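Going line by line, the protein sequences match chains A and B. Just so we're aligned, residue 1 is where the first sequence starts under our numbering, counting upward by one. Just so we're aligned, residue 268 is where the second sequence starts under our numbering, counting upward by one.
Keep in mind that the hints were calculated from the coordinates and are not lab data. The model shown is predicted, which means the values in this text are computed figures rather than measured ones. Positions of the beta carbon are idealized from the N, C-alpha and C atoms, including for glycine. Among the clues, some could well be false.
Among chain B residues calculated to face chain A with C-beta under 8 Å, some are [stated by the list, open to error]:
1) Met-432
2) Arg-459
3) Gly-461
4) Trp-505
Number of protein chains: 2
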Amino acid sequence: MPATDLLAIAHELADLAARKTTRMFRTRLHVNDKSRGGLGGGAFDPVTQADRAAEQAMRRHLARRCPDHGVIGEEFAKRDGAGLYNWVLDPIDGTRAYMTGLPLWGTLIGLIDGPTPVLGMMDQPFTRERFWASRSGPALWRQGDAPARRLKTRRCPDIGHAMLMATTPDMFRQPAKKRAFRRVSAAVRMTRFGGDCYAYCMLAAGHVDVIVEAGLKTVDIVPLIPIIERAGGRVTSWTGGSAMDGGDVVATGDAALHDEVLSLLRG
Amino acid sequence: MPATDLLAIAHELADLAARKTTRMFRTRLHVNDKSRGGLGGGAFDPVTQADRAAEQAMRRHLARRCPDHGVIGEEFAKRDGAGLYNWVLDPIDGTRAYMTGLPLWGTLIGLIDGPTPVLGMMDQPFTRERFWASRSGPALWRQGDAPARRLKTRRCPDIGHAMLMATTPDMFRQPAKKRAFRRVSAAVRMTRFGGDCYAYCMLAAGHVDVIVEAGLKTVDIVPLIPIIERAGGRVTSWTGGSAMDGGDVVATGDAALHDEVLSLLRG
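Okay, chain A solo, but in the shape it has when bound (with noise of 0.2 Å):
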């Protein structure tokens, strides 16, 4: 399938997404406590009917649209496709922020090629922002109707000058984790804390420089990493191999500041 398609679709599953998340977004929500250690081992992790209703419109299109890929889906099992193609889907990335009526979160979207991404979405509905990156094209945000325009991140030669984020300090609850943030905490100009998909996006738009964050899963990382990288950034585990697993991630907007971070997460 050509590269326009498969962004073709990324753009309707999208706003299919948006339909489910919206019509829910500050509500009174019925909420599942389901904890899955995303946030830290036994905290407090909550479902949406709108982040399962998303999820199944969206899976229910890509069966239509393109019955051979697989899916692989924050809220339900994974579904095996026919060839290397497999749809990387977080409905809500962000269910805190969703929660506290807060326009950070977002719907997640990526397409991986066996171990390759190949392209990647976070849609924001309720400011109406869509940032997205093919494998070999720019990385692209739009507001509303507005011509998209092109992302890139920003130089930071001196970690001394950068901006750090991370979506909450519970993430770094085990000790060896807390100093290892810490360090780079200490090394930065500025922490700011609740950014979720959100932070990665403002990364690539060249408004943040550093993103420390540990215990993701596969679906909250997959679908940011050609916005990133396509935008000039980088992003790996702590140790600097492939952030594909999710697990501990580190991004920085200069790529030349990567190795410095790393090697203060190592100490």
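Got chain A; can you put chain B on it based on the hints?
Chain B only, in chain A's frame:
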């Protein structure tokens, strides 16, 4: 001056400030590193061109529209008025959010009559949301050109179900404050960092139950008091006194929960 005129002036101020703040949002900013202790002594406290331009625009408008009124602003010296009315302006509350591209900052506009808040407004021009209340009217919210809707806090009879917010854990660097915050955090269902003024508006809208913060300035909180109170919530200092002077502040959506939170803060 009748309350409707005062409210009209507040809307004019928010419109004027929005023109300045949106122009520079998500651009490369010229930042003055001015530490004033707002987020903990010596912390990085960015002040942007937008911050100053917005406050100057609002001050010029007030000098024309109500030259007898005083002005207490975040960026420039107090202007004394002829009477008891003082406008309280924070052109960009949440400068860290602003600098990292997150749409959680806001323009805060308050009016006090002697010691009494007469009206309060929070404007977030990127999401096109405005929250406001006057002393005797309802708390209201509107987005874009849609009709205003009433804000109402939600009931939360059990602190174990509460959602707690604070702008950053760095507010609680003093060990006693850190312990106090932790006692509240341990009692609630979920803690989320990174909210600034937006969090108080989400409390007024019934999505957040408790906010505990430290080291606020007067301009950070005064414009939010009428919004919280007219939506059904309560806001005081950690010791139960007035929140008007800033400092250590606690807000609850369900006023019946307030004493329990104060008691946890006391330890």
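Hints, verified against the model:
no.: 1; hint: Met-432; verdict: holds, 6 Å
no.: 2; hint: Arg-459; verdict: holds, 5 Å
no.: 3; hint: Gly-461; verdict: holds, 2 Å
no.: 4; hint: Trp-505; verdict: violated, 21 Å
Violated hint: 4 only; the structure is consistent with all others.
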